Structure formats: C-alpha cells, structure tokens
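Protein sequence lines correspond, in order, to chains A and B. If you're matching positions, the first sequence starts at 1 in my numbering and goes up one per residue. If you're matching positions, the second sequence starts at 1 in my numbering and goes up one per residue.
Don't read these hints as lab results, they were simulated from the structure. Just so we're clear, the structure is a prediction, and the values are computed from it rather than from any experiment. No residue lacks a Cβ here, since even glycine has one placed at the ideal position from N, Cα and C. Keep in mind that a hint or two might mislead.
[Claimed, not checked] Label-pair ranges, simulated between beta-carbon atoms: (1) B:Pro8 <-> A:Gln14: 36 to 44 Å; (2) A:His56 <-> B:Asn70: 42 to 50 Å; (3) B:Thr15 <-> A:Phe18: 29 to 37 Å; (4) B:Asp56 <-> A:Glu3: 14 to 22 Å; (5) A:Gln9 <-> B:Gly3: 27 to 35 Å; (6) A:Arg58 <-> B:Lys14: 45 to 53 Å; (7) B:Gly3 <-> A:Ser71: 38 to 46 Å; (8) A:Asn10 <-> B:Lys9: 22 to 30 Å; (9) A:Asn2 <-> B:Pro8: 30 to 38 Å.
[What the hints assert, rightly or not] Calculated cross-link-like contacts (lysine to any residue; reagent style SDA-like; alpha-carbon spacing at most 20 Å): (10) A:Lys96 <-> B:Lys57; (11) A:Lys96 <-> B:Ala50; (12) A:Lys55 <-> A:Ser45.
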Amino acid sequence: KNEVEQSPQNLTAQEGEFITINCSYSVGISALHWLQQHPGGGIVSLFMLSSGKKKHGRLIATINIQEKHSSLHITASHPRDSAVYICAVRSSRTDKLIFGTGTRLQVFP
Amino acid sequence: NAGVTQTPKFQVLKTGQSMTLQCAQDMNHNSMYWYRQDPGMGLRLIYYSASEGTTDKGEVPNGYNVSRLNKREFSLRLESAAPSQTSVYFCASEGLAGFYQETQYFGPGTRLLVL
C-alpha cells in the first residue's frame, strides 16, 4: 500500500464547478504539500501545510492531522485549472518528501 | 532569478550510451534533489545532496551517479543507459518558504527515452 494515496485518480468537471481532491497518508509527517503539474510538465508548489487551512485565490487546502487526511478544493473551476495535482508529505522520520501519484483534473468550458 | 534550470529538455539514447543531466539553481539553496517520474507512480527520489560536497542515495539510485560540483550545480549521470531508465527527470532545490518550513522548487524536467 502506498504511503500517500490520492483520490480520485482522474476528475472531469464543467467550468464553474466546485472541485475536491483528497489525500490520505499513513506515515508521520512534519508538513504536507500540494503541487500542480501542468501539461507542459513543470511542477509548482501551491501550498505547504502543517495544520489547519490555507487559502490562495480560488484554492483552499485543509489538513486534519489526527485523521491523516488533506483536501484541496478549487472553487469556481476554470479550464486553466486543468492539470495534475500532486500531494506530497514530508516524512518526520526521514525528512524526505513522499509523493502521491497525482490527480488529473480536466475542466471543460 | 532563473530558479532551477535543467538541460537538456529532451534526449534520446541507445542502450549502453552514457549521458549527464545538468541542473543548476540560483537561490543559494543548500539541498538539491534528483527525482524520476514514471506513469502511474509518484515522483521517486534518486539521489540528493544536503550541502556542497555531500551526496546520498534515495529510493532508486541503481544505475545512476551524481556530482555536486558546487553549491549551484547538481548533475545526474547515467553510465550505461537501459530502457528501464526511460522517464522524466526532475531536479529540485530546497529552501525556506516561511518560518521553519522548507519547500522544494522544481526544474522544468528532462524527458529521456532509452531505445
């Protein structure tokens, strides 16, 4: 079983819909990251969380440390949000990042 | 600032050929990483360097060598390429993104095809 699991693997939405991507992990962590990978391949960091909730524009990330679960929400989705969203946790044992396999999101006009 | 740069962007090799992937960062970060990304799998750590002059193996180091030439540059070498090394390779550097928390900054990736 992977140490970081994301769901769903694939997601399609109509423009304007509210999107939720989930991430569960089974190891002790010091931080959780949400990353975005566009079709061109580049990877950028969206959020880094160790507790609670963060918001940036239409993106909201939450983490529940007790339940070992995080969610990434996109409000009022837009075709430019189409990308692969990757959850990664920093292991408190090794201090290295462990990556999920990603959620591919396609938003249609 | 260019951030993290990688060369080449794309490379085709024949089995047994060697090549070096170059990575450089201009953010004065101590830690640098090499990952590979394969379909259906998360990014996997090949090698990392916590500081200039030090390197350590990650999860999948077999078939690779690295060199931390200076604080800016961290190269990945394939001595004898194999088809199993067909992948997209990402270099990353790590630095503070807030008080006490570090984040990684990724290069644009190198697509490698080994025939």
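Now for the hints, and whether the structure bears them out:
Checking the proposed 36 to 44 Å range against B:Pro8 and A:Gln14 shows it holds: the Cβ atoms sit about 39 Å from each other. The supplied range of 42 to 50 Å is broken by A:His56 and B:Asn70, whose beta-carbon atoms lie about 34 Å from each other. The given range of 29 to 37 Å is broken by B:Thr15 and A:Phe18, whose C-beta atoms sit roughly 48 Å from each other. Evaluation of the 14 to 22 Å hint for B:Asp56 and A:Glu3 yields a pass: the beta carbon distance comes to about 20 Å.
The beta-carbon spacing between A:Gln9 and B:Gly3, approximately 29 Å, falls within the hinted interval of 27 to 35 Å. For the pair A:Arg58 and B:Lys14, the beta carbons lie near 47 Å from each other, so the given range of 45 to 53 Å is met. At about 28 Å, the CB distance of B:Gly3 to A:Ser71 disagrees with the hint of 38 to 46 Å. One distance hint, 22 to 30 Å for the beta-carbon pair A:Asn10 and B:Lys9, holds here, with the actual separation near 27 Å.
For the hinted restraint 30 to 38 Å between A:Asn2 and B:Pro8, the CB-CB distance of approximately 31 Å keeps it satisfied. A C-alpha spacing of about 12 Å is found between A:Lys96 and B:Lys57, which places the hinted pair at or below 20 Å, so the restraint holds. Taking the CA atoms of A:Lys96 and B:Ala50, the gap is about 11 Å. The hint holds against a cut of 20 Å. Restraint check for A:Lys55 and A:Ser45: satisfied, since their Cα atoms lie roughly 13 Å apart, inside the 20 Å limit.
This entry does not satisfy hints 2, 3, 7, going by the numbered hints stated previously.
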